[in-house]
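*Asks:* The chain contents come next:
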Amino acid sequence: MSNTTDLTGDRGFQDIRESMYTVVFFLCAAVSVITTAGIIVALILPTITFLGEVPMSEFFLGTQFSPAIQPTVFGVLPLAFGTLLITFGAAMVAIPIGTLTALYLSEYASESRRAVLKPLLEILAGVPTVVYGYFALVYVTPLLDAIPGLELGTFNALSASLVMGIMIIPMVSSISEDSMNAVPDSVRNAAYGLGATKYDVSVGVVVPSALSGIASSFILALSRAIGETMIVVVAAGQTARFPETTSGLLNSFFVSTQTMTSAMVQLGTSDLAGGTTAYRALFAIGLTLFVMTLVLNLVSDAIAARFREDYD
Amino acid sequence: MATDTTTESGFGTVSRTKGIVFEYLTLASSVAGILALSVLLGYVFWDAFGMESAEIAWYGAFALLVVVPVLAFVAYTQRNPVAGEAALELFSTTMGGILGGLGTVTILEVVTGADIWFGYFVTVVAPLCALYLYGRSQPNASWVGLAMLGFLVLGPPIGTALLPITTTIVALIGGPFVYLFTLTIPGALVLRYVVEDYLELGDGDLTAGVMVAVALLAVPLVDRLPLVSRSVWAIFLTTLFAPLAVVVWKNLADRERRAGFAGPGVFAAGIGVLLVVTDRTALNGPTPWFDWQYVTTSPSRFADQAGLYPAIIGSVGIIVLVALITMLLGVGAAVFLEEYAPDSGLGGAVARFIRINISNLAGVPSVVYGLLGLAVFVNLANLGVGTVITAAFTLSLLILPIVIISAREAIRAVPDSLRQASYGMGATRWQTIRNVVLPRAIPGILTGTILALGRAIGETAPLIMIGVATTAFSPPEGIFSKTSAMPMQIFAWSSFPSQEFQHGVVAAGVVTLLVVLLTMNSIAILLRNKFEQEEL
Numbered sequence: 001m002s003n004t005t006d007l008t009g010d011r012g013f014q015d016i017r018e019s020m021y022t023v024v025f026f027l028c029a030a031v032s033v034i035t036t037a038g039i040i041v042a043l044i045l046p047t048i049t050f051l052g053e054v055p056m057s058e059f060f061l062g063t064q065f066s067p068a069i070q071p072t073v074f075g076v077l078p079l080a081f082g083t084l085l086i087t088f089g090a091a092m093v094a095i096p097i098g099t100l101t102a103l104y105l106s107e108y109a110s111e112s113r114r115a116v117l118k119p120l121l122e123i124l125a126g127v128p129t130v131v132y133g134y135f136a137l138v139y140v141t142p143l144l145d146a147i148p149g150l151e152l153g154t155f156n157a158l159s160a161s162l163v164m165g166i167m168i169i170p171m172v173s174s175i176s177e178d179s180m181n182a183v184p185d186s187v188r189n190a191a192y193g194l195g196a197t198k199y200d201v202s203v204g205v206v207v208p209s210a211l212s213g214i215a216s217s218f219i220l221a222l223s224r225a226i227g228e229t230m231i232v233v234v235a236a237g238q239t240a241r242f243p244e245t246t247s248g249l250l251n252s253f254f255v256s257t258q259t260m261t262s263a264m265v266q267l268g269t270s271d272l273a274g275g276t277t278a279y280r281a282l283f284a285i286g287l288t289l290f291v292m293t294l295v296l297n298l299v300s301d302a303i304a305a306r307f308r309e310d311y312d
Numbered sequence: 001m002a003t004d005t006t007t008e009s010g011f012g013t014v015s016r017t018k019g020i021v022f023e024y025l026t027l028a029s030s031v032a033g034i035l036a037l038s039v040l041l042g043y044v045f046w047d048a049f050g051m052e053s054a055e056i057a058w059y060g061a062f063a064l065l066v067v068v069p070v071l072a073f074v075a076y077t078q079r080n081p082v083a084g085e086a087a088l089e090l091f092s093t094t095m096g097g098i099l100g101g102l103g104t105v106t107i108l109e110v111v112t113g114a115d116i117w118f119g120y121f122v123t124v125v126a127p128l129c130a131l132y133l134y135g136r137s138q139p140n141a142s143w144v145g146l147a148m149l150g151f152l153v154l155g156p157p158i159g160t161a162l163l164p165i166t167t168t169i170v171a172l173i174g175g176p177f178v179y180l181f182t183l184t185i186p187g188a189l190v191l192r193y194v195v196e197d198y199l200e201l202g203d204g205d206l207t208a209g210v211m212v213a214v215a216l217l218a219v220p221l222v223d224r225l226p227l228v229s230r231s232v233w234a235i236f237l238t239t240l241f242a243p244l245a246v247v248v249w250k251n252l253a254d255r256e257r258r259a260g261f262a263g264p265g266v267f268a269a270g271i272g273v274l275l276v277v278t279d280r281t282a283l284n285g286p287t288p289w290f291d292w293q294y295v296t297t298s299p300s301r302f303a304d305q306a307g308l309y310p311a312i313i314g315s316v317g318i319i320v321l322v323a324l325i326t327m328l329l330g331v332g333a334a335v336f337l338e339e340y341a342p343d344s345g346l347g348g349a350v351a352r353f354i355r356i357n358i359s360n361l362a363g364v365p366s367v368v369y370g371l372l373g374l375a376v377f378v379n380l381a382n383l384g385v386g387t388v389i390t391a392a393f394t395l396s397l398l399i400l401p402i403v404i405i406s407a408r409e410a411i412r413a414v415p416d417s418l419r420q421a422s423y424g425m426g427a428t429r430w431q432t433i434r435n436v437v438l439p440r441a442i443p444g445i446l447t448g449t450i451l452a453l454g455r456a457i458g459e460t461a462p463l464i465m466i467g468v469a470t471t472a473f474s475p476p477e478g479i480f481s482k483t484s485a486m487p488m489q490i491f492a493w494s495s496f497p498s499q500e501f502q503h504g505v506v507a508a509g510v511v512t513l514l515v516v517l518l519t520m521n522s523i524a525i526l527l528r529n530k531f532e533q534e535e536l
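The listed protein sequences correspond, in order, to chains P and Y. Note that my numbering has the first sequence beginning at 1, numbered continuously upward. Note that my numbering has the second sequence beginning at 1, numbered continuously upward.
Because the hints were derived from the structure by calculation, they are not lab data. Because the structure is a prediction, the values reported are computed rather than measured. Check each hint, because a few of them may be wrong.
What the hints assert, rightly or not - Stretch-level coverage of chain P by chain Y, calculated; a stretch enters the list once three of its residues show a Cβ under 8 Å from a Cβ in chain Y:
(1) 21-30
(2) 61-75
(3) 81-91
(4) 99-108
(5) 113-123
(6) 128-139
(7) 237-246
Unchecked claim - So, partial list: chain Y residues that the calculated Cβ filter (under 8 Å) puts toward chain P:
(8) P342
(9) L346
(10) L513
Each residue gets a CB set at the ideal place from its N, CA and C atoms; glycine is no exception.
Using the sequences and the accompanying hints, generate a full structural model.
*Replies:* In structure tokens, the structure reads:
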């Protein structure tokens with residue numbers, strides 16, 4: 001190397017440039033934190049005003065929701081009931097099918113079948129939700145209505161929750177399958193060595209070992225179902241109901257139902273100018289929904305982290 | 001635990017049936033959802049193409065002329081995957097070119113107009129590209145990056161100040177010439193590079209010359225066509241015809257890939273023959289709702305006149321903006337988290353917080369993002385109820401977490417040895433990112449971004465919350481103009497009780513949306529395949 005080479009490492013304005021890029025990239029990453037802060041502030045401020053106008057007890061314990069007709073009543077319970085009803089229906093479809101799918105993919109499927117099935121399953125989650133809603137309204141409801149003895153309304157919770165169940169199958173199956181794949185083969189081989197059959201190994205060894213991942217996938221799927229909007233808006237109708245009797249509970253699946261998300265759409269399409277109680281109720285319901293899904297997501301993370309079986 | 005179940009039923013007896021039944025139960029579950037969706041998709045395509053009005057004989061002709069040849073080609077690609085890949089390449093270049101052309105026409109003709117585009121092209125786009133190319137050829141010129149940043153910051157105001165002058169120039173030379181200079185000629189330069197250096201197909205100069213010559217020589221022909229203006233021709237030549245020509249050339253040059261033409265070939269020929277047969281004989285064909293009239297006209301109360309055109313243009317405009325915003329912010333954030341963020345100390349804690357925050361944001365319901373958009377972009381920033389820009393910002397925030405997560409994965413997949421080698425040569429961190437990390441991560445980043453954009457184009461709930469119109473009778477005229485979007489129009493029509501709408505117009509809208517999604521996903525798959533091949 002010649003003597004004239006500058007070995008001091010002084011790069012002049014290159015150093016300034018480098019630190020400038022650091023700042024630019026940090027700002028890009030900071031946008032996500034600003035988004036979170038924005039969501040929280042945007043939801044909390046109108047909610048505080050709202051709770052000044054409508055007492056907290058009326059909002060959380062009221063069994064009536066009628067924002068349009070005077071006198072307006074804002075009880076969130078019927079909406080929460082509708083959300084739980086449809087989430088329950090979706091879970092009844094997605095949890096068994098998703099878990100069995102995960103077992104098939106991780107224990108039984110050949111490599112080539114896995115390569116075909118996995119992207120196909122992902123398609124289920126990729127179809128726009130408004131399209132699913134249309135399917136439920138136009139194709140699934142008439143199909144179910146054709147079953148003798150089933151009296152369905154044009155809008156009903158049953159077809160919305162069935163279709164939503166199909167949509168969240170891949171959420172259950174992909175996370176469950178990941179945790180089943182994480183169970184090391186040595187555990188399986190130990191069971192085979194004791195004379196267990198493939199069925200025993202799958203159900204008796206792999207599922208319990210992967211239980212934390214399976215549970216967290218269930219919770220994530222439920223959280224997705226709670227926040228789902230368009231299927232419910234298009235197919236489940238706009239009637240807020242709170243069943244007073246147990247027979248009413250069973251009947252709720254067959255009639256029009258309103259969920260928290262579809263109530264938000266109803267409020268959002270009627271009034272966006274701001275300044276009314278109905279406008280602020282929109283944000284109060286939004287905050288309730290946000291807190292519910294956030295808690296579920298955090299619980300899911302915590303289960304996955306806390307009860308993870310460590311095989312190292 | 002596992003042995004318990006077998007000992008209960010008696011020592012040494014193992015039920016084989018139980019195992020087999022269970023295996024088939026799991027298999028049936030795996031395909032249950034897919035089958036259900038296929039049936040629903042079958043219904044919607046059946047409705048959209050008005051198949052119920054066709055005769056049995058027509059189905060026979062359809063199966064014989066279209067289904068059998070296409071299935072035969074698919075079976076053939078199982079043995080010769082290269083041909084399948086070539087066919088996928090042809091398909092996604094054609095569809096992607098149409099979408100890209102639509103997007104460019106929307107942005108340049110409908111939203112900005114040739115004059116404004118020319119102004120900013122001269123002051124921002126052209127200098128940036130020239131500096132970038134200069135920087136590539138002269139790696140030692142460290143002022144290039146700063147100069148680029150300068151143009152990025154100062155260019156827009158200068159462009160705005162010079163608008164009266166540039167507008168006068170545009171008025172003198174005319175819109176089509178603007179596109180010739182700003183799109184066709186730069187496009188020809190890119191073509192020259194792709195043909196000569198990247199694909200090594202042949203003489204790049206000649207190809208570029210041919211492209212410009214075609215652009216000019218076709219003008220008399222274009223003038224005679226209704227619907228197609230000279231500007232639209234210049235745009236589509238650059239986004240669709242030139243890339244398609246190169247892809248055709250590339251696949252024709254390769255003996256093995258040549259077989260890929262059979263796929264699109266038999267499909268087009270089958271449809272063509274079927275149309276002729278239906279036309280010449282008394283055969284009753286289907287009466288499709290999803291046709292040229294549907295995608296080029298405005299919505300209507302009458303089902304047979306209803307169209308999706310304003311909503312398509314609205315969606316395309318929104319998605320182009322979302323793509324720009326999320327690419328810049330998403331890649332920036334991913335680069336920070338993967339390349340800059342320290343592992344420990346205060347910086348490490350900040351980075352960890354940002355990571356957790358991003359994964360939680362990905363789980364926030366989309367309707368809540370709509371509330372954020374309503375509160376911040378509509379009511380606080382006053383960007384207007386249901387405008388293109390409000391919708392684009394809201395959807396950008398919605399898919400940003402997904403884009404960041406996939407961009408991080410793509411950046412993480414770049415081997416560390418490459419970074420170490422770059423640092424060992426004395427490169428700075430930014431030089432390493434620009435020259436080593438990003439070029440290798442770009443295909444992965446693009447794949448993830450396109451898939452996320454597919455999610456954005458189908459989102460409806462946030463658009464309802466920010467007041468995007470369910471029905472618009474004309475396309476948006478600028479980014480601050482009110483707009484509709486495809487999913488919004490589908491949502492609006494699905495509440496019409498008439499059979500013609502529910503089983504016709506809406507089905508056609510769903511098919512349009514799914515075709516757009518299919519195109520985007522096939523481009524993403526193509527990019528991923530290419531990326532994985534280069535990794536090997």
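*Asks:* Now tell me if each hint is right for this structure.
*Replies:* Okay, the hints, checked on the actual structure:
Judged by the Cβ-Cβ criterion of 8 Å, the stretch 21-30 of chain P is covered by chain Y as claimed, because 9 of its residues qualify and three suffice. Proximity of the stretch 61-75 of chain P to chain Y, defined as three or more residues with a beta carbon under 8 Å from a beta carbon of that chain, is not established by the 0 residues found. Residues of the stretch 81-91 of chain P lying with their CB closer than 8 Å to a CB of chain Y number 0, which falls below the three-residue condition for coverage. Only residues whose beta carbon comes within less than 8 Å of a beta carbon in chain Y count, and the stretch 99-108 of chain P has 7; three or more means the coverage holds.
Counting residues of the stretch 113-123 of chain P whose beta carbon lies closer than 8 Å to any beta carbon of chain Y gives 4, which meets the minimum of three for the stated coverage. For the stretch 128-139 of chain P, the proposed coverage by chain Y is satisfied: 10 residues have a C-beta within less than 8 Å of a C-beta in that chain, meeting the threshold of three. Evaluation of the coverage hint for the stretch 237-246 of chain P: breached, as 0 residues show C-beta separations to chain Y shorter than 8 Å, against a requirement of three. A cut of 8 Å between beta carbons decides the hint on P342 (chain Y): the least distance to chain P is about 11 Å, and the hint is violated.
Hint status for L346 (chain Y) relative to chain P: violated, with the closest Cβ pair at about 13 Å, above 8 Å. With a cut of 8 Å, the hint placing L513 (chain Y) at the interface with chain P holds, because the nearest CB-to-CB distance is about 6 Å.
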